[in-house]
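If you read the sequence shown in this note's numbering, its first letter stands for residue 1, the second for the next number, and so on.
No lab work stands behind these hints, which were simulated from the structure alone. There may be inaccurate statements among the hints.
Each pair of labels, with its calculated beta carbon distance range [to be verified]:
1. Gly111 to Met170: 41 to 49 Å
2. Gly49 to Arg96: 48 to 56 Å
3. Met170 to Leu33: 33 to 41 Å
Don't be surprised by glycine CBs; every beta carbon is placed ideally from N, CA and C.
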Amino acid sequence: MPSLKNIAADLPPVQKTRRVFDGSFMVLLVLTLAGGVAVGVVSGWARVGQILIETFEFIAMLAPKIGAGIFIAATLPILLPRERVGRLIGRESGVRGLVVAAACGAALPGGPMMTFPLAAGLGVAGADLGAMVAFISGWSLLGLNRTLIWEFSFLPSDLVWTRYLLSLPMPVLLGLAARAVMQRRLA
């Protein structure tokens with residue numbers, strides 16, 4: 001696993017070569033094939049064909065979004081000065097850095113195709129693991145887009161406010177926990 005140090009002299013971590021057909025892919029492949037055979041036996045092979053067509057249509061719709069997210073993640077370390085990112089949301093940024101990361105995650109519209117590559121790009125650009133956890137947790141727990149558009153539209157406002165206020169400190173607490181875990185691993 002690459003180190004997420006925030007020293008200006010450090011170069012971005014070298015990514016090790018990833019194999020497409022690794023162990024996790026093989027597990028997914030076996031589960032997918034077993035599911036396909038089960039659907040074929042229960043609902044007929046025509047239904048398996050329909051599912052395959054729907055799946056490839058869904059992949060065609062998602063591919064540009066995933067590509068854009070990965071492109072943004074790849075360009076962040078080039079565009080953002082590593083020492084500035086490190087000061088803002090790096091290991092030495094303290095609780096303030098976790099609050100900034102959580103607030104940025106909460107304000108970020110969009111789905112996981114944007115959020116996860118962006119978090120990875122911030123990590124390479126100088127953010128520490130705690131800030132990345134706070135960023136993703138802020139997006140997941142405090143996402144303003146989802147809260148304003150969906151939750152307030154369908155749920156009672158007292159429920160939404162209660163959930164939001166109880167969730168408010170969680171990204172920072174999770175970021176602190178991630179930093180503590182990393183500190184122990186490095187010690």
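Taking the hints in turn, this is what the structure says about them:
About 20 Å separates the C-beta atoms of glycine 111 and methionine 170, a value inconsistent with the hinted range of 41 to 49 Å. Look at glycine 49 against arginine 96: about 55 Å separates their beta carbons, and that is inside 48 to 56 Å. With their beta carbons about 38 Å apart, methionine 170 and leucine 33 fall inside the hinted range of 33 to 41 Å.
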